[in-house]
Amino acid sequence: MTHEHAAPPGTTVSQLSETELLDAFLPGATTDGPHVLVGPGDDCAVIAAPGERVVVTTDTLTVDQDFASVWPCGYRTTGADVGHKCAAQNLADIAAMGAVPTAVVVSLTMPGDTEVAWVSEFAAGLSRAFGELGAAECALVGGDLGRGRELSVTATVLGRLEGEPVLRSGAGRGGTLVHVGVLGRAAAGLDALQTPVPGRWDGVPEPERTALHRAQLRPAPPVSVGVELAQAGAIAMLDVSDGLLRDARRIARASGVSIDLDPQALEPAVHTLAHAGEAAGVDPWQWVFTGGEDHGLLAVLPVDSPLPSGVRAIGSCAPLPRGDGPRGGGSSAGNGARQRRHERGTVTIAGRTPRQWFGRDVVEGWDHFEP
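Terminal number for the sequence shown in our numbering: 464, no gaps in between.
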């Protein structure tokens, strides 16, 4: 099946053979790149690894868990939306290690009534995201198409590592906490998508609502800046997938440090959401501090390091006094180390706990397994 002989509109995957479905899927996908030796069509892909060190990440998107086919506001999620988001969240993970994305394999499971056009849109959205997000070396090199009860996509992305990997645990000596990307916009977009129309978002102009919808459906992580931060000397880094407070705490716990966030440095992010927050009845600080899925990069740089273009200092990271033993006795050395790391994983806002700063209890971000 080619573009000239594409499936008629309304054709579902149950009406095609696997070969025909692949023929519909692959034309919209970028399947070649500088690191691809053997692409789709064989039992395995073959990827060049000149530096002999490869970083790997994987993530899953499932309907009614990570996105809705039709949102309460009436928006219908497209295949291109899911393809883009699938690429974005995985590319951000690679960038957060200071690596360059090179290849992706995708497993797409779908009900038999899924339209072939949706599958083609997914492949095109995935591949367009490579170029739009600064991952021009990346290509789709293989995967699997299967039939199941619910729509689910799992992507595994590979990346090349030229220097040392930037881990979450490297900030033990402290430094400047920096961020690049946007904060809170995907969370605001999720709120808007989940609100029926008419509803409390009616006071927000449609262009602004649409832009926030897009921030949730098609996040734009600054993928190429990951390498720039690594070259600038980043000693710890991750992407903000689950909320600034929660992800900052992950660095703090992994590194055994305290992190203090500077709300003045975050005011520009809050300002861009102030009108939407007022109209929707939501404190925009909540979106900025606790909203995830923007997939910006959060890193710690040595205090004397120059900041790459677009990178903003948003706080400080400080080592804790040495010799703090675990509270209580009877712990093994390993358990004591884990307990000390947990105790040292503190995050404050202008020197206050999140509860003190907000004046109420606050959920710090997203967790798949929290009730």
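Simulated from the structure, these hints should not be mistaken for laboratory data. Note that the coordinates shown come from a computational prediction; the quantities given were computed from them, not determined experimentally. Ideal placement from N, C-alpha and C gives every residue a C-beta, glycine not left out. Heads up, a few of these hints could be off.
Claimed, not checked - Between beta-carbon pairs, the in silico distance windows are:
{"hint": "1", "residue 1": "Arg448", "residue 2": "Pro258", "range": "30 to 40 Å"}
{"hint": "2", "residue 1": "Pro101", "residue 2": "Ala358", "range": "53 to 63 Å"}
{"hint": "3", "residue 1": "Pro258", "residue 2": "Leu400", "range": "34 to 44 Å"}
{"hint": "4", "residue 1": "Glu255", "residue 2": "Val131", "range": "15 to 25 Å"}
{"hint": "5", "residue 1": "Ala358", "residue 2": "Pro300", "range": "46 to 56 Å"}
{"hint": "6", "residue 1": "Gln324", "residue 2": "Asp295", "range": "18 to 28 Å"}
{"hint": "7", "residue 1": "Val396", "residue 2": "Cys137", "range": "14 to 24 Å"}
{"hint": "8", "residue 1": "Asp237", "residue 2": "Asp157", "range": "19 to 29 Å"}
{"hint": "9", "residue 1": "Glu113", "residue 2": "Pro361", "range": "31 to 41 Å"}
Hint check results:
1. Arg448 with Pro258: 30 to 40 Å: With a Cβ separation near 34 Å, Arg448 and Pro258 satisfy 30 to 40 Å, so the hint holds.
2. Pro101 with Ala358: 53 to 63 Å: At roughly 54 Å between Cβ atoms, Ala358 and Pro101 fall inside 53 to 63 Å, so the hint holds.
3. Pro258 with Leu400: 34 to 44 Å: violated (21 Å)
4. Glu255 with Val131: 15 to 25 Å: About 23 Å separates the Cβ atoms of Glu255 and Val131, which means 15 to 25 Å holds.
5. Ala358 with Pro300: 46 to 56 Å: This hint is violated: roughly 28 Å between Cβ atoms.
6. Gln324 with Asp295: 18 to 28 Å: With a Cβ separation near 47 Å, Gln324 and Asp295 fall outside 18 to 28 Å, so the hint is violated.
7. Val396 with Cys137: 14 to 24 Å: At 46 Å between Cβs, range violated.
8. Asp237 with Asp157: 19 to 29 Å: holds (22 Å)
9. Glu113 with Pro361: 31 to 41 Å: Distance hint for Glu113, Pro361 is violated at roughly 50 Å.
Going through the hint list in order, the structure does not satisfy hints 3, 5, 6, 7, 9.
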